[in-house]
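Listed below, chain by chain, are the residues.
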Amino acid sequence: MPINYYIFLAVILFCIGVVGVLTRRNAIIIFMCIELMLNAVNLLLVAFSKAHHAVAAINAGPAGTTAGTDGQMFVFFIMVVAAAEVSVGLAIIVMMYRNTHSVDVNFLNRLKH
Amino acid sequence: MSQLVYLVPMFPLIGFLINGLGRNVLPKPLVGIIGSAALLASFVVSLLIFNEVRTPGFSAVTVNLFDFIHVGKLNVPFAFQVDQLSVLFLLIITGVGFLIHVYSTSYMHDESPSSYARYFAYLNLFVFSMLLLVLGSNYVIMFIGWEGVGLCSYLLIGFWFKNADYNYAARKAFVMNRIGDLAFLIGIFWIFAQFGSVNYADVFSQARPGASAHVLTGITLLLFIGATGKSAQIPLYTWLPDAMAGPTPVSALIHAATMVTAGIYMIARSNVLYSLAPATQGVIAVIGLCTAILAASIAIQQNDIKKVLAYSTVSQLGYMFLGLGVGAYTGAVFHVMTHAFFKALLFLGAGSVIHAMGGEQDIRKMGGLRKFMPVTSITFLIGCLAIAGIFPFAGFFSKDEILSRAYAHNPVLYVIGILGALMTAFYMFRLYSLTFAGKFRGTHDQEHHLHESPAAITIPLIVLAVLSVVGGWVGIPEFMAPNAHVLSKFLEPVFANSHVAAPPGEIAASTEWALTIGSLVLIIGFCTWGYMKFKNFTLAEVKESTGLAKILENKWYVDELYDAIIVKPINWIAGFLNNVVEKLGIDGLVNGVGKLVQYGSRQIRLLQSGQVGIYVLLMVIGIVVLFVLQLFFPNLI
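Protein sequences, first through last, are from chains A and B. Using the numbering used here, the first residue of the first sequence is number -4, and each one after it goes up by one. Using the numbering used here, the first residue of the second sequence is number 51, and each one after it goes up by one.
What the hints contain is simulated information worked out from the structure, not anything from laboratory work. Hints should not be assumed to be uniformly reliable.
[Stated by the list, open to error] Examples of chain A residues toward chain B, derived with CB under 8 Å:
#: 1; residue: V13
#: 2; residue: V16
#: 3; residue: L17
#: 4; residue: N21
#: 5; residue: V100
#: 6; residue: N101
#: 7; residue: L103
[What the hints assert, rightly or not] Over 10 Å on every C-beta distance to chain B, these chain A residues come out as not near it, computed from the model:
#: 8; residue: T18
#: 9; residue: A51
#: 10; residue: N54
#: 11; residue: G56
#: 12; residue: D65
#: 13; residue: V70
#: 14; residue: M74
#: 15; residue: A77
#: 16; residue: E80
#: 17; residue: V83
#: 18; residue: L85
#: 19; residue: I88
#: 20; residue: V89
#: 21; residue: R93
#: 22; residue: N104
Ideal Cβ placement from N, Cα and C applies to all residues, glycine included.
Taking the hints into account, I'd like the entire structure generated from these sequences.
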């Protein structure tokens, strides 16, 4: 399957994420949109890594079973970091709700003053 | 003994430190003793060194103390040079300086203990700087002393710093000196660039006939400009008469033992260079002569006892420069020596008079002091006779030597020089006559207080008077008694090279006799004229002077001229720079930047709305912009 498809899918996912972050006010939905953007990037990384591996493995011969798969390593890192980020972010949202009884981000503009 | 030469400047330095640091705790008598003893100790050491230098066959000794500057090619040791010239100056400085210190203990007695100690500290520092100047074995050490005397003269002229005029005089002295110092400094740089060294020995041994004449002329002219500042020659002489703002003994110190002789010393020391630069010598002779005449003419119409003496110093310094200009180095140094004696005597005598008159300095309000202060009167008379150049007083021999050498060089110089000498005779006896002869013209109160000064004042006067009489006998000219010029023989090693490079002209003994006797008769005539004319002077005769007298009274309007062509334009430029360039330009720029940043930030601050959505939108826009840039202008980032 041509790599274009993956790219289009990833771009669409990413744009949905961006638009979601920009338009929604609910902190949890914004959070989910951020996850969407992260995973769009993950998808791209995996797709490119796979495509790259196909070429590198031919060039490297029998020894190149793992050649060109570095991108997939990044994906794991991103997933771990995203998991950590989610735990911290959700904790913030919980605290926010406890304090303001709302998860509306526009409500949090006190730093302006 | 000459290895111990560092002791000579060390004693005044120690005296300066003790008196300067302990000025609030030391009692007055102790301060005076420390200050004077430091000079006495230096004088004794100088005498011992002189004794060694005097022996025939003595050659110059360089005493290396430590490395002062040692960078690359530049090697400046902190070293002292002991030879005939520096030893002679040592004796003058410490000897006359000591007498002035003793005199000061009495003269400054009305000062509070702390300013009394401050005074003596400055005085010691002054002598220390001057000793450094004459002892240094290279131009850099000389320059340190050169700056030191400039600083000390500033401190001492402005000693009574609560008086704004005195501060102004001190500032004027300092600034005028700085102008000369700059030229001197450039001269030193040039010497280093040319000869690769600033040590006298290296420089003089490399300066040979045929060495680039333009360079030597340039260097010597720059050094001479330095000398005009320190030794008060045209055009930088106007600070010296204003320097009278300081206490009288300070004037004596500046005019006799230190400071103004520095320029003479420097040129005499560099005589090898000057002998190879005849153009510069011509300039020196002309400037010296002009100064001598100009200052003498001003002195005729001055009424302040110290001002008259100040202008006479400027005039006598002019003679010394004339001597240097015509190659009479020995004569110039000789005149420095005799001048130190009689000018110190005259200033200290003037101080004694001012002391007795309760601070009055206007000679028109004096008169008849002879019967109140016999010692001061007689010693002052001796000083006048010496400076006028009457046989056999000291001034006669030194002035005669310079003038006869000027005659050998060019008779015109001689005639103008004699004119100056006649003026000198006239104004000195005018001064004497107005001060000591006739009837007292001051108030009754002043007359009641008139008294002879105490011993601490009269003893230095007597010693200096004796020296003013006998001081000239070390230089009896060849035509009067063969081989009697002791000083010339003593200094011969220092000036030997110059005499080879530019042999002194010879004039017949009969001509010399005629010139000497002729000038002597004229001078005596002018002395008598000056004395008789003002003997019966009364205050009623004082009227607004007119014509030439008025010009002379106003010092040829030189101060006004400088004011108009230098001070005013500089003030105007400074005002322009201050009001326009500084306030509008620089301040506008600096404040404008500040205002712009403030205004800009006030506008940009509006973006911080606290709406998270907007922040994110901006972030996205930023990223999109980066993408677009990357896409269309790939070489931009």
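Results for each hint:
| no. | hint | in the structure |
| --- | --- | --- |
| 1 | V13 | holds (6 Å) |
| 2 | V16 | holds (5 Å) |
| 3 | L17 | holds (6 Å) |
| 4 | N21 | violated (12 Å) |
| 5 | V100 | holds (4 Å) |
| 6 | N101 | holds (6 Å) |
| 7 | L103 | holds (7 Å) |
| 8 | T18 | violated (8 Å) |
| 9 | A51 | holds (26 Å) |
| 10 | N54 | holds (28 Å) |
| 11 | G56 | holds (35 Å) |
| 12 | D65 | holds (23 Å) |
| 13 | V70 | holds (21 Å) |
| 14 | M74 | holds (23 Å) |
| 15 | A77 | holds (18 Å) |
| 16 | E80 | holds (16 Å) |
| 17 | V83 | holds (17 Å) |
| 18 | L85 | holds (17 Å) |
| 19 | I88 | holds (13 Å) |
| 20 | V89 | holds (18 Å) |
| 21 | R93 | holds (19 Å) |
| 22 | N104 | violated (3 Å) |
Consistency with the previously given hints fails for numbers 4, 8 and 22, ordered from lowest to highest.
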